[in-house]
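Taking the hints into account, I'd like the entire structure generated from these sequences.
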Amino acid sequence: MTAPTADHASGATALTDALNAFADHRPEPQAVQLLRPDGTLTLPPEHIPGYGSELLRALYRDMRMARELDTEATALQRQGELGLWPPLLGQEAAQIGSAHALRPDDHVFPSYREHGVAWCRGVDPVDVVRLFRGVTNGGWDPRGSGFHLYTLVVGAHVLHATGYAMSLAKRGSDAVAVAYFGDGASSEGDVAEAFTFAAVHDAPVLFLCQNNQWAISEPVTRQTSSPLYRRAQGFGFPGVRVDGNDALAVHAVTRHALDHIRGGGGPFFVEAFTYRMGAHTTSDDPTRYRPPAELEQWRARDPLARLRAHLSATGLAEPAFFEETEERATELAHRVRHAVRTMPDPAPAGVFDHVHAEGHALVDEERRRFEEYERSFTDPERP
Amino acid sequence: MPAQTMTLAKALNLSLRTALEDDPDVLVMGEDVGRLGGVFRVTDGLQKDFGEDRVMDSPLAESGIVGTAVGLALGGHRPVVEIQFDGFVFPAYDQIVTQLAKLHARSGGALRMPVVVRIPYGGGIGAVEHHSESPEALFAHVPGLKVVSPATPSDAYWMLGQAVRSDDPVIFFEPKRRYWDTGEVDPGATPPPLHRARVVRAGTDLTLAGYGPTVKLCREAAEAAAEDGRSVEVLDLRSLSPVDFDTVQASVERTHRLVVVHEAPVFFGAGAEIAARITTRCFYALEAPVLRVGGHHTPYPPARLEGHYLPDLDRVLAAVDDSLAY
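Note that the protein sequences, when read in sequence, are chains A and B. Heads up, the first sequence is in our numbering, so the first residue is 1 and it goes up one at a time. Heads up, the second sequence is in our numbering, so the first residue is 1001 and it goes up one at a time.
Please keep in mind that the hints were generated in silico from the structure rather than gathered at the bench. Keep in mind it's a predicted model, so treat the numbers as computed, not measured. Heads up, some of the hints might be wrong.
To be verified - Some chain B residues near chain A, calculated using beta-carbon distances under 8 Å:
1. Asp1053
2. Gly1064
3. Ala1069
4. Gly1076
5. Gly1144
Virtual Cβ for every residue (Gly too), placed ideally from N, Cα, C.
So, in structure tokens, the structure goes:
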């Protein structure tokens, strides 16, 4: 080892400078917000893409319908008609705002709480509750709606969205695949792998993370020590945070992200900063882990209340609009309730249907034996 | 194309080449499958001829490989993905078991999953840890998957082509120690169905059933037994999900004895299911319990000990003796 020289001190400084060059000195930006909780705009309306009576009424109407479905399904679970329900309460703006920015040929890969997105994609709410009644593991044909089946293995579908986007790109389509997932899913390896595949393939995929602050009982601080939107930068694509309770901002940011992707810009990450006002599912009890004051704080930022306040204050919607929306919501609730209560159980031998596309000798044999066994209860020839 | 003699690896390569030529939706994806042509050269030259868009070097992420293949299949493509070694499939196990295997059923038949997952498997090449495993039973146990393993260059060629054309997900286990074995491949022939077992040597005293790497071993055992005056029939099962039990049953009804040979641990292995089903089907025809020869219930050993772990000629012949002694 050589003795320290006069250059030693300046060498150390140079090393410190070299290391400091990697430090991130950027101030943390505010989430993008267009509509304040009190219903006032943060920007002049002419600077807000799509701003107008038509969009704002549609956003409000669909958020109201999603909330009604959620309320009804929660009630149906409490009455024993559904086995389980994961409520979306509080996340209406994140879902409806983003879904309204999509094109019909875009393809959504939801998690299991995206009932509002399903509604916007034209999936019949009755089909959505079928899964939770326990009559199917699917519920609808994703090819018609561009809305894939729910995925209950957290984060697994984010890879499917990425692969689907790779497929779209190979066909020269400018449609986009959209993966909805949560702050809990952001810790899953599949989500990190999806980011990697999407980035290196420049895949046309939008990663839409609803950070609702809670993964069952674990606060987002158990998932990450830095803001989630920043994760995108490490993978080489843009990430932004939007006020997830502001439907107008979510819509504008999603539209921006989709334009970026359609223009060949590759993947984009949107973190919709929102709050799960309800339980994780109807089997959960958030009072065991969540301070009531936190819920009250977020209740003051209710996504429906702020858009309603804006529509009323600006005169973009008359009282008749709200009355009609309430009527439609009530009709939806009645329709879902009636459909659920008259929904038949599937035929037992149906479990053998569609295990394979091209059949399977052992499954066929098991089906024959099962049907024979079932018949034995009613066959008068048998003792 | 006339019949040619080639290695099993080359037969797989030719099969992939044919599939890529025949169907523009077929894609090949995996680690090092592009420029390098795969660590076993099974995909040699394919990227050069079909381009990076169809023969893709993937990030080093097995769950990502299978998970994006699911998405590619939803988009109408037919991905053939490679897991580089048997022991590396487990990060992808969740995607295979909870997603790939179930989507057709979950969607009520609306969504098809024409995905082939190729896995070089088995020991005998002196490899390091996690490079010699036989996890086939872990996949055959999963409803919704089909599991096959060729033993010869001809079957490698035909079965891979059939797997690619199948609308069901197929886990395609390639016996890596047989990659360099040669045999005739006749692209003009008519192949048997993908899930049909085959009698590769007729016999009357006992049936030896193997698949993938152990078929050759079973043939050698049958030849050795013949020198002792014993007529041993050899079956190549070819498919593990489904197993062609009709062919096995017909053989056992002729020979009255069955020994199943695989490299995977015997405990809860494919041989156990075959023993149970054949005992049920052939209870009055059997002269001896169905016996099994395979790996121990231990982690796969270091390479210098694999000769003591893998079934070999002596262990198979000992099982033949045991069966005939009943």
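Now for the hints, and whether the structure bears them out:
no., hint, verdict
1, Asp1053, "holds, 6 Å"
2, Gly1064, "holds, 3 Å"
3, Ala1069, "holds, 6 Å"
4, Gly1076, "holds, 7 Å"
5, Gly1144, "holds, 6 Å"
Going down the numbered hints, you'll see the structure goes against none, and every one checks out.
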